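Novice: Which chain is which? The protein sequence lines are X and B, in order. First residue of the first sequence? That's 1 in our numbering, and the numbers climb one at a time after it. First residue of the second sequence? That's 1001 in our numbering, and the numbers climb one at a time after it.
Derived by calculation from the structure, the hints in this document are not laboratory data. All values reported here derive from a predicted model rather than from experimental measurement. Please note that a few of the clues may not be correct.
Which residues of chain B face chain X? A partial, calculated answer using Cβ under 7 Å [what the hints assert, rightly or not]:
no.	residue
1	Ala1089
2	Phe1114
3	Thr1246
Residues from chain B that face chain X, not an exhaustive set, calculated with beta carbons under 8 Å [what the hints assert, rightly or not]:
no.	residue
4	Leu1003
5	Val1008
6	Leu1010
7	Met1024
8	Ser1045
9	His1046
10	Pro1100
11	Phe1102
12	Met1110
13	Ile1115
14	Pro1119
15	Ala1122
16	Gln1126
17	Phe1207
18	Phe1254
19	Phe1261
Using N, Cα and C, we set each Cβ at its ideal position, and we do this for glycine too.
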Amino acid sequence: MNVTMYWRRLRRSESAAFWLFLAPWLAGFLGLTLGPMLFSLFAAFTRWNGVGTPHWIGLQNFRVMFTSDLDFWPSLGHTFLYAGARVALGTVLALALAAMVNTRIVGRTFFRTVFFLPAIVTGVPLFVVWSWMLDPSGGVLNYLLGKVGIQGPEWLASSTWAIPALVLMSLTATGGAMIVFLSGLQDIPLELRDAALVDGAGWWQRFRRITVPLLSPVILFNVIMGLIGSLQVFAEPYVMTGGGPEHTTYFLGLYLYNEAFWYSNVGYASALAWVQFLVVVVLTVVVLRFSRRHVHHLGS
Amino acid sequence: MALIPLYVPLCIAAFFFVLPFLWMLSGAFKGPGGVTAFPPRFWPSHIDGRNFSTAAAGVSMWRYFGNSLFIAVVSTVGTLLSSSLTAFAFAHLRSRARGPLFAVLLATLMLPPFITLIPSYAIYQQLGWLDTYLPLTVPSFLGVGCAFYIFLLRQFFLGIPKELFEAARIDGAGRLRQYASIALPLAKPALITVGLFQFVASWNDFFGPLIFLTDSSKFTLPVGIRFFQSLYQTDYGTLMAASCVTVAPVILLFLVAQKFFVQGIATTGGKT
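Working from the sequences, and respecting the hints, build out all of it.
Specialist: Here it is, written out as structure tokens:
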């Protein structure tokens, strides 16, 4: 068989085309995702400063983490607290906003735009302006609270209020979830709502008995995506609190960044990264399990 | 009429959603020292641009603007190329490996960046890529971090009638021609959505530039603002000027192309 014939056959073969089209992604996946993942799994069992040779130390990183590291458990606990509050409140707010802008209210396009915008326009500039707004003495939030006769808290400077402050800020970035809810709401058959109306159900009953059950797959989706995102939070505490006060906002992401890039405990940081990953996976599975009894699927 | 009570919560929420942006804008134009006034003035008494000159002095925010723009444009081009090629393979080319590989692709959606980051950092170090823009742009040409985009484009490609490709094949068009002259033009809305998301993601990215760049003249805007924070401490006027410059292009993109952002987000929400 000569070369041209071979080439012609290869060209006609669909499987060959598949692999050619996939080649860039496959190279990236093997070289920059799977490869590094396996290497960091290996590094989790070593002592390594990132440049020299890693020293195999077995389970010692994990033993230290779970028993003698004074930062690990508080960091994990505070990460859970932040993620839990952010996802719970954010989901409720997103659903409420979606339900309100799904009505025939005048100006709903304006409200949708306003609620969605901060989900896209986000990042460091917003974290900086929020730090300033949350300033205990010169900030606009405490000024407004003072206007209505409330002595505002110390926000980011207080170990009690730092996490609530970060959660409060995150609520304004909930527009993505609102859009997902909105498209879910628009899929609910109008006949169901009309039938309930005929039966004399009030708005709360319709919301509780029809909307929420029919929306439950979308709620589940938003909760899982929210958890995955907020368990990995990094830039907010890095820019706004540096992990303080008193390590209250020293979340897992910040902790392992410091271990890797500040203290050069790269082996230990790899172990932390795997623990973070497993926490995300386990929580997702738990939520999926729990939801199996509570999520309704319309039709199939 | 029954809807009028809704305006109370809607307006309160809208106020808090918009407040940071108004505060940023008014802080930027209050001039030096204007931001420390207490009680705070909601609107500057006159427009003062001196905060912008401060932020443009030294290693200027305009330089950061250029750096950010360069990285965002290059990584968007890379993302569009790699994601559309990959999505086309997953949508229209048959192979026994297709199903399992697609499952692998979806699994990477859940992967925290930290888990691959440390070894990737070591790889870039070996390649001599640290403190260059290569780690921030090259991976996008290889579809790294593009799982969501690939998924979105694949859904779109699946919606293109098979007959169109059949007809092209009868006319002698190869796979590459079918991809370039049928799939890509028809998928323009989805490609715009992907391009916008990647541009904004790259523009807003803090973590990547923070880790890979050390020379302060190479910083992007988000890392630059952080750098300004260390230079100007609590001189919020200067910080707000740089912040305004950072968010302005994204706000503009959002207002012009809101439809595409909404479609992109809504597609993820389990319309499967």
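Novice: Hints first: check each against the structure and report whether it holds.
Specialist: These are the hints, each one checked on the structure:
Because the beta carbon of alanine 1089 (chain B) sits about 4 Å from the nearest beta carbon in chain X, less than 7 Å, this interface hint is met. Using the Cβ-Cβ criterion of 7 Å, the hint placing phenylalanine 1114 (chain B) at the interface with chain X is satisfied: the shortest such distance is roughly 4 Å. For threonine 1246 (chain B), the interface hint holds, the least distance from its beta-carbon to any beta-carbon of chain X being 5 Å, beneath 7 Å. Hint status for leucine 1003 (chain B): holds, given a least beta-carbon distance of 5 Å to chain X, under 8 Å.
A cut of 8 Å between beta carbons decides the hint on valine 1008 (chain B): the least distance to chain X is about 10 Å, and the hint is violated. At about 5 Å, the closest approach between the beta carbon of leucine 1010 (chain B) and any beta carbon in chain X falls short of 8 Å, and the interface hint on this residue holds. With its C-beta approaching chain X no nearer than about 5 Å, methionine 1024 (chain B) sits inside the 8 Å limit, and its interface hint holds. A cut of 8 Å between beta carbons decides the hint on serine 1045 (chain B): the least distance to chain X is about 17 Å, and the hint is violated.
With a least beta-carbon distance of about 20 Å to chain X, the hint placing histidine 1046 (chain B) at the interface is violated under the 8 Å criterion. For proline 1100 (chain B), the suggested interface contact is broken, since its CB lies about 12 Å from the closest CB of chain X, more than 8 Å. The interface hint given for phenylalanine 1102 (chain B) is broken, as the beta carbon of that residue sits about 10 Å from the closest beta carbon of chain X, more than 8 Å. Checking methionine 1110 (chain B) against chain X: minimum C-beta separation of about 6 Å stays under 8 Å; hint holds.
The beta carbon of isoleucine 1115 (chain B) is positioned within 8 Å of a beta carbon in chain X (closest approach about 5 Å), and the interface hint is therefore held. With its C-beta approaching chain X no nearer than about 4 Å, proline 1119 (chain B) sits inside the 8 Å limit, and its interface hint holds. At a threshold of 8 Å, the smallest CB-CB gap from alanine 1122 (chain B) to chain X is about 7 Å, leaving the interface hint in force. Hint status for glutamine 1126 (chain B): violated, given a least beta-carbon distance of 10 Å to chain X, over 8 Å.
This hint holds: phenylalanine 1207 (chain B) has a C-beta 6 Å from the nearest C-beta of chain X, less than the 8 Å allowed. A least Cβ separation of about 5 Å between phenylalanine 1254 (chain B) and chain X falls short of the 8 Å threshold, and the interface hint therefore holds. Below 8 Å, beta-carbon pairs count as interface contacts, and phenylalanine 1261 (chain B) has one with chain X at about 6 Å; its hint therefore holds.
Hints 5, 8, 9, 10, 11, 16, counting from the list given before, are not met by this structure.
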